[in-house]
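Protein chains in written order, with the working numbering: chain A, 2 to 423; chain B, 2 to 423.
Check the hints yourself; a few may be wrong.
Each pair may be met inside one copy or between any two copies, as identical chains are not told apart.
[Said to hold, decoys possible] No farther apart than 20 Å at their CA atoms in a straight line, the calculated lysine to aspartate or glutamate pairs in the EDC-like style are these:
1) K4 - D322
2) K351 - E394
3) K149 - E124
4) K351 - D388
5) K64 - E100
6) K128 - D307
7) K334 - D126
8) K4 - D325
9) K35 - D307
To be clear, the hints were calculated from the coordinates, so they are not data collected in a lab. Predicted model only: the values in this text are computed from it and were never measured.
2 protein chains.
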Amino acid sequence: MSKLVPPHGGKGLVCCLLEGAALAAEQKKAEGLKKIAISDRTKGDCIMMGIGGFSPLKGFMTKADWKGVCEKFLMADGTFWPVPITLDTNDENVKVGDEIALQAADGVIYATMKIEEKYELTEADKKWEAEKVYKGEGEESADDVFWKVAMEDHPGVQMVMAQGKFNLAGPVKVLSEGTYAARFPGVYLTPQQIRDEMDKRGWANVAALQLRNPMHRSHEYLAKIAVEVCDGVVIHSLIGNLKAGDIPGDVRIKCIQTLIEGYFVPANIINAGYPLDMRYAGPREGLLHATFRQNYGINNMLIGRDHAGVGDFYGLFEAQDIFDRIPACEGGKGLLCKPMKIDWTFYCHKCDGMASMRTCPHTKEDRVILSGTKLRKALSEGAEVVDHFGREEVLVILREYYAGLTEKVEVKMQKAASGADM
Amino acid sequence: MSKLVPPHGGKGLVCCLLEGAALAAEQKKAEGLKKIAISDRTKGDCIMMGIGGFSPLKGFMTKADWKGVCEKFLMADGTFWPVPITLDTNDENVKVGDEIALQAADGVIYATMKIEEKYELTEADKKWEAEKVYKGEGEESADDVFWKVAMEDHPGVQMVMAQGKFNLAGPVKVLSEGTYAARFPGVYLTPQQIRDEMDKRGWANVAALQLRNPMHRSHEYLAKIAVEVCDGVVIHSLIGNLKAGDIPGDVRIKCIQTLIEGYFVPANIINAGYPLDMRYAGPREGLLHATFRQNYGINNMLIGRDHAGVGDFYGLFEAQDIFDRIPACEGGKGLLCKPMKIDWTFYCHKCDGMASMRTCPHTKEDRVILSGTKLRKALSEGAEVVDHFGREEVLVILREYYAGLTEKVEVKMQKAASGADM
């Protein structure tokens, strides 16, 4: 019997993905249905509902769910959920009772849905949602600047405000997992696949490390603390879309694999990816990370400094503190994946190893602190990276990637200079 | 309200130490009572019952308790307890109903006791107790060698076999905490004192590091892992008696204080000592460590490699595994202080920091592994200690201590050579 934490919501893994004959029939039917264009964010949500990653959700949220989630982290039935999972459209004509096909920009129909509710979100509603979900306690969330700064710099808020006029609610039948399995073989794993692997290894107490960056020493340290005190760790990368300028999924996964081979005991690690885009929702996204990790059989969510942060909208440890403020629900409706809160980490010369603000009493001068931004700059310029910040084998991969980018830019510049593009 | 784990047994802190007028009256009465000589081990047990460290015990165990504890970790009332806490004597004359005074070798009367039960332990009973409590799964516990080796080399077994013919059971009134408070000011702290300090700091999730040695990098690493994932760590040293050749309590406490000042964040650490002798009971002693730590408000017990080990009587991780085999008791009667199991730890050059067998995939050649015995040898000979094994500030204290020992030996040898002692 599995010793892992049960899926969220107390109803087992709720998987909306069709298979075999049912899938073929629904795909055929979908061709004839009215198509609703969906965002990449919604495409990820469909796939997660398909594979049980968003258990117990069976479809997109009703107005009551939306309101309860924004306001008090609770769906209408009393189940904890941290971020609205809603389907928006500007289509005036679709109506309750209609069956629709959800089609992404890649032309693929990811799901069909029976519309059970259609509700309008006015500008004021969207602003309310944005404030409830995305507003934090950082400088850029201050009352007098939030809306000015957010519309410029907060991709999560921008996404909410850019949503269509209506939300459509109803149960989905999911038709495709997209190209993840092909692009990330052995790494794109469903909740059931990860649970099976962990059961095989006899794990009961498992932590997840959320990653949307290559893995540096600080990430490695977080994972290793968890390895020391848990049965194992799932290094779980976002392999959906990020913002421009971020390092693509395949490069990140290669970095992680290289790091695991050289610096971890593989028996204690699973390297996996999940098919969501970043929502850039800061503390609430940290809660979402924990919520869907529970479905993957994970009961500890590593939350470090500025988890899922965006600009200066959030305090550095707001994503840790929010876990203390969520409702405790009865009967499997509450969040069972708990935060493993880790302070600001770094290499310290006096400590002679990795440390955090909780363990190291020394000063700034003793510590190797490098921001991701500065690292990207150093790598893209081919400059040396300060000792102890990353593992050489990983930096080699990143230098190669950045050299490739530079070549592309140089080719473009040469073309421009020679008039080839003009 | 305190967020700490409640004391073991569900009855709060049970403290048998008298105070004020009651103490003075009982001390006076004790002078007139029959004196029973107690061992140093029993003296420690009395003090622990005095300060609530052995809650819910109110006195020495009855035969039913003794049997249940040896056989199935349970006292007669169904409360978990891992090691018999018994009072032995060879006195043929004391009888049920007598009041006696328990006097240690230092002449101090540590407690009075009303005898409620007197039971004989035959040689066979003692052997049974020794096998139940001290026999492990290591080489020296093999059936064909255990009794030959144990009588030579197992101080715990030797103590049991050297016990008197009878055990006396009954409730104690404790009259003295001995000289601990004077010898270890600020370090010898009662369970209530440690709880008060932790409440003041707002701690809820606390780990203890058991120490009977100076603190090397491996111990530091264990403590620091716990600091990363708990509210704080109590570095809790045995300050009772050890076997000959071990480093005395005051030197050890000085090492720890120096290490905390230079390499820890003091707000996250409490440096304390407890007044017991080593029982050298291996895995069962690990359980005892967790049991009395719960009374100190600690809910996680760090258990590393060969915890409380003796010779080769136990497997290296037997003190971790035994926690999986103890009875789960209802209603506060079970052990609520859980093991925090950490693998074999060391400095690894390739990892570029401290690591364990769970986190480091490298080979022996990359690791700094030094036994306590080899370290003592190097220090006593004034030899260099390999890099990364200990902190220089701590090694300085240890070198001083060993240099002092060597001087004493040299003075003795000079005296001998000059005939002064002859």
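Structure-based check of each hint:
{"no.": "1", "hint": "K4 - D322", "result": "between (28 Å within a copy, 17 Å between copies)"}
{"no.": "2", "hint": "K351 - E394", "result": "between (25 Å within a copy, 12 Å between copies)"}
{"no.": "3", "hint": "K149 - E124", "result": "within (16 Å within a copy, 85 Å between copies)"}
{"no.": "4", "hint": "K351 - D388", "result": "both (14 Å within a copy, 13 Å between copies)"}
{"no.": "5", "hint": "K64 - E100", "result": "within (19 Å within a copy, 76 Å between copies)"}
{"no.": "6", "hint": "K128 - D307", "result": "neither (24 Å within a copy, 59 Å between copies)"}
{"no.": "7", "hint": "K334 - D126", "result": "neither (27 Å within a copy, 53 Å between copies)"}
{"no.": "8", "hint": "K4 - D325", "result": "between (26 Å within a copy, 14 Å between copies)"}
{"no.": "9", "hint": "K35 - D307", "result": "neither (42 Å within a copy, 68 Å between copies)"}
Hints 6, 7, 9, counting from the list given before, are not met by this structure.
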